[in-house]
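Chain by chain, the residues:
Number of protein chains: 2
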Amino acid sequence: MAIIMKNRKIILKSRPAGQVVQENFELTEEELGDPDKGDILVKSNYVSVDPYMRNRMNSFKSYVAPYKVGQVIEGDATGCVIRSNSDRFREGDIVHGSWGWQENAIVKENSLTRINPDMAPESAYLGVLGLTGLTAYFGLLEIGQPSVGETVVVSGAAGSTGSIVGQIARIQGCRVVGIAGSDQKCKLLEKKLGFDAAINYKSHPNVRKPLMKVCPDGVDIYFDNVGGDISDSVIYLINNFARIVLCGQISQYNQARMATGPRLQSLLLIHRVKMQGFIVFDYREKYDEAMARLADWLNSGLLTSQENIIRGFEQIPAAFIGLFEGENIGKQLVRI
Amino acid sequence: MAIIMKNRKIILKSRPAGQVVQENFELTEEELGDPDKGDILVKSNYVSVDPYMRNRMNSFKSYVAPYKVGQVIEGDATGCVIRSNSDRFREGDIVHGSWGWQENAIVKENSLTRINPDMAPESAYLGVLGLTGLTAYFGLLEIGQPSVGETVVVSGAAGSTGSIVGQIARIQGCRVVGIAGSDQKCKLLEKKLGFDAAINYKSHPNVRKPLMKVCPDGVDIYFDNVGGDISDSVIYLINNFARIVLCGQISQYNQARMATGPRLQSLLLIHRVKMQGFIVFDYREKYDEAMARLADWLNSGLLTSQENIIRGFEQIPAAFIGLFEGENIGKQLVRI
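Just so you know, the sequences run in chain order A and B.
Counting in numbering that gives the first Met the number 0, the first sequence runs from 0 upward without gaps.
Counting in numbering that gives the first Met the number 0, the second sequence runs from 0 upward without gaps.
Hints were generated in silico from the structure; no laboratory data involved.
Note that this is a predicted model, so its numbers are computed, not measured.
Possibly wrong hints are sitting among the right ones.
[What the hints assert, rightly or not] 20 Å max Cα-Cα, derived SDA-like pairs, lysine to any residue:
| no. | chain 1 | residue 1 | chain 2 | residue 2 |
| --- | --- | --- | --- | --- |
| 1 | A | K273 | B | F240 |
| 2 | B | K36 | B | K107 |
| 3 | A | K201 | A | S250 |
| 4 | B | K107 | B | K273 |
| 5 | B | K60 | B | N44 |
| 6 | A | K273 | B | N6 |
| 7 | B | K60 | A | H270 |
| 8 | A | K273 | B | K107 |
| 9 | B | K273 | A | Q254 |
| 10 | A | K5 | A | F59 |
| 11 | A | K273 | B | Q70 |
[To be verified] Just a sample of chain A residues kept apart from chain B, beta carbon distances all over 10 Å, derived:
| no. | residue |
| --- | --- |
| 12 | G69 |
| 13 | G148 |
| 14 | G227 |
| 15 | R262 |
| 16 | R271 |
Positions of the beta carbon are idealized from the N, C-alpha and C atoms, including for glycine.
Given these sequences and hints, build the entire structure.
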């Protein structure tokens with residue numbers, strides 16, 4: 000029996016010029032028919048909004064192709080199989096894919112993975128067990144290479160990746176300092192997530208001074224989610240042979256052109272520092288191993304999943320814009 | 000029989016404020032007596048002048064302690080043992096040490112190494128077989144990790160380290176592009192040292208365009224001796240998974256305070272670039288192995304030693320100042 004299903008989706012209406020705004024998006028409707036051979040009709044349960052998406056809204060190529068104007072915003076989502084024309088998925092399966100900001104979608108069978116909601120809540124597959132958790136895991140362990148007793152500083156520490164990085168660093172026996180944008184976030188980091196100290200950068204014109212207090216032995220690893228002035232302040236305290244993990248530069252994404260700042264190379268040279276960028280996709284072959292370890296930590300209580308869930312499909316653009324206003328704590332999701 | 004020997008030496012008279020000038024130095028005389036037990040009296044044959052010395056003339060600690068005002072400028076030198084009060088050295092031995100800018104010196108036996116002038120000319124022990132060659136060797140091979148067919152760009156390419164880096168890169172099967180400050184230097188790089196291309200940055204307001212021409216496949220390794228605008232231009236052409244070896248930042252050393260430039264972190268992130276500082280001393284344990292390979296290359300003609308030798312003790316400050324005016328080709332030495 001053929002079905003015709005109404006679908007709502009959010010498309011890129013125009014490319015942001017600097018700061019992203021509601022007007023860059025448009026909610027449109029379409030009708031979906033039966034899935035073709037090998038295709039699956041899914042209904043979204045959770046949709047992820049992530050800072051990296053801002054880069055894809057520009058016209059130039061980054062490590063992934065830019066979104067096209069007029070097309071749906073692609074991104075991580077989880078949901079339920081409504082109708083399957085594939086041998087690999089059945090109606091009722093809970094799946095993870097990248098169909099993005101839409102209520103329903105027809106997707107190819109090889110773009111989905113089945114998830115087991117009994118092992119962890121479905122939403123965790125977009126957070127601690129998804130690309131967010133994997134980003135924290137590979138960035139800290141592969142690039143940062145932490146040793147017991149080292150001092151790890153994380154910026155954007157209350158964000159989706161940062162909150163996991165700090166916890167993994169703690170599990171590795173490091174001293175962990177977070178930088179975040181509110182007293183409430185700092186309290187969460189210190190009281191709930193086991194950070195040794197947290198600094199609210201909004202209370203300090205320059206975080207260098209409070210950082211010096213809580214990093215008496217300097218900084219061995221800096222996990223950078225934000226870039227800009229905050230990062231400069233951390234890097235001035237960098238130790239010999241330190242590692243700077245470039246994970247995100249959220250302070251820069253909404254800038255129309257490349258910002259200027261201090262030339263850090265002399266400092267990196269004198270202290271023999273490694274500064275390295277990475278992208279989680281480069282570690283695809285190790286995902287399974289990493290997810291197993293993350294799930295262990297999660298289920299044993301060593302790792303806490305922080306999620307900030309907004310309800311309502313039409314709230315997606317606001318949830319996304321909020322990422323750049325420092326509103327979210329932990330992984331920002333939209334429940335459909 | 001006791002001896003009294005006149006010694007001339009060059010001391011740091013005042014710390015440079017920005018650009019280093021002749022007035023920062025003073026030639027003084029002293030009398031040297033017999034060496035104590037375990038000490039050796041040496042007579043300088045060659046004295047090395049190196050860009051890193053500029054950093055030691057500042058008051059703040061870098062990776063080595065600052066020079067003290069009123070004291071002799073320490074640095075690499077070779078010479079002949081005149082009188083020995085040590086079992087380990089005999090009169091007539093040719094030795095390498097760090098007694099610096101003086102005609103004669105009394106030094107501790109454990110601060111000297113004997114060199115074999117039959118294996119390579121004495122001056123090579125300050126150049127291709129000395130810290131210069133070792134710096135090129137470890138920076139390129141350990142941090143840069145070149146693969147056959149990759150494109151390596153070297154700034155300060157006609158300088159002491161740069162000229163060796165390019166040659167080692169060629170030996171490793173890389174495509175090598177040098178950036179230097181005169182047509183004469185570029186000709187030397189291309190015609191004599193086997194660089195695939197060389198760019199005279201003084202003929203171009205921005206080296207990006209000529210670089211794009213000679214690096215059609217982008218840049219896989221950037222060996223940075225200079226910093227500043229030239230480095231920015233190279234880094235804009237950086238490939239995915241490239242390595243930036245921070246060896247020197249000579250354009251910055253004479254600046255009174257930290258310069259500003261484009262924030263490169265987003266670029267490093269997108270392209271998963273590693274930018275890493277290093278100092279040759281960190282590889283001390285591998286010096287012997289490296290010197291043996293460098294000597295092999297030198298003696299088999301794969302590696303050419305470039306030296307610029309100025310004669311006369313009193314010429315040392317001018318030779319040093321000339322390093323920052325881009326005057327030297329290859330290793331700058333002063334023959335005493």
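*Which of the listed hints are broken here?*
Violated hints (numbers, rising): 4, 5, 6, 8, 9, 10, 11, 14, 15 and 16; every other hint is consistent with the structure.
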